[in-house]
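Chains A and B supply the protein sequences, listed in that same order. So the first sequence is residues 1094 to 1314, counted in our numbering. So the second sequence is residues 1094 to 1314, counted in our numbering.
Read the hints as simulated data drawn from the structure, not as lab findings. Treat the hints with care, since some could be wrong.
Identical copies carry no separate label here, and so any pair may be met within one copy or between two of them.
Here are the simulated BS3-like cross-link-like pairs (lysine-lysine), alpha carbons at most 25 Å apart as the crow flies [stated by the list, open to error]:
#1 Lys1265 / Lys1107
#2 Lys1222 / Lys1162
#3 Lys1118 / Lys1204
#4 Lys1178 / Lys1143
#5 Lys1241 / Lys1118
#6 Lys1240 / Lys1143
#7 Lys1143 / Lys1305
#8 Lys1106 / Lys1222
Keep in mind that this is a model prediction, so the values were computed, not measured.
2 protein chains.
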Amino acid sequence: MERAIDNRIEDLKKMILLMGGHVEKSLAQAIAALLSRDLSAFEQVHAIEKLINEDHIRVDNACMNILAKQGPVAKDLRLVLSVIKINNDLERMGDQAVNISHSGKDYLSRKPIQAQLSDIQRMSEVAGKMVKGSLDCFVREECEQAKKILSMDDELDALKNKVFKDAIAHMKAHSDDVEACMDLILIARNLERLGDHATNIAEDVIFAFTGKDVRHGGKFG
Amino acid sequence: MERAIDNRIEDLKKMILLMGGHVEKSLAQAIAALLSRDLSAFEQVHAIEKLINEDHIRVDNACMNILAKQGPVAKDLRLVLSVIKINNDLERMGDQAVNISHSGKDYLSRKPIQAQLSDIQRMSEVAGKMVKGSLDCFVREECEQAKKILSMDDELDALKNKVFKDAIAHMKAHSDDVEACMDLILIARNLERLGDHATNIAEDVIFAFTGKDVRHGGKFG
């Protein structure tokens, strides 16, 4: 038998997927602007942020309506609560893309340095996959996939450490490049945080569909 | 007439206050360890993080119980949803205190530099006031006070910019001190993020008690 709440939950999933698409696009755009040294391309990131902020309020209102009118319990309730958290994580991912855009603009305004942006590019690819993967898990209710997100986060952290190490070595040898290296460090940090938010989403997915709390060292599987 | 839900909401407020106390203590401890150059004192930060993580799960479960059993609506529902978000922000504040503790340990392991830690200290004072202030607003249901938190965040951002500027100037002049300056930059960034979380809480308080959404440029007052 079809329940009214099933339709509302399908709507929620669609809204989250749409929002996640905006976040992916925003991240990809910020990194593309950096790599192609195209200052004007950063503007697109700010335009997408507006959409993400609208998504954020829309999802929150939809959750509140379901809670007030449908009185969900058990798995349905866990799912709605997870959406409230996923919504917040996605919104903050959008903020990180904007932060990348700010640091990216700063970076392009400075004397070009002989820096490897390949690690930053690789980080953005991993982070992008984590965003997409975490939302796929959510929509398909697949918890096995969610565990993979957690291990991708380790790869992202290792890449961030490499960017930090290389940038610090470069700064020590070239004091003129301190600002530019700082920009790269901050971008790496933003990408790391994007991955953290995707990890939060994966944990929320596991909780929503299994009732198992894997946060704070809880075991899953 | 007393309603059953009023007692549950009072319980929630008490839990949030307790958790907020842990966050304040954790931040104060991390900064005290840094300023007194006492490596062992950082351990306390990790001990408090465990408490914060326990608080986090306890509050989430309490909210879920209220939603499932009391079916709150209108202001009560907004309040419970705000608690879910405030809970997440507090937990992440605890993470920031742990991050400060990691960078603080790194900083103390290096050759001492002639750095001004007074701005870091000032930042921690402002951030601490923001944490306390945002939770006071929540418990007392005072929205006017919440607006003050938003302006304290501007002060925190200005201090962070000063720490960044001074650290960059120092790195350019003293390449041996690059790592130590990076530690200070990361600590300033963590303190800035702590303030951002307190700002989120203040916005949630305004939403819970007025129904007005002041996020994303919405106006309050």
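- Query: Which of the numbered hints above does this structure break?
  - Reply: 1, 2, 3
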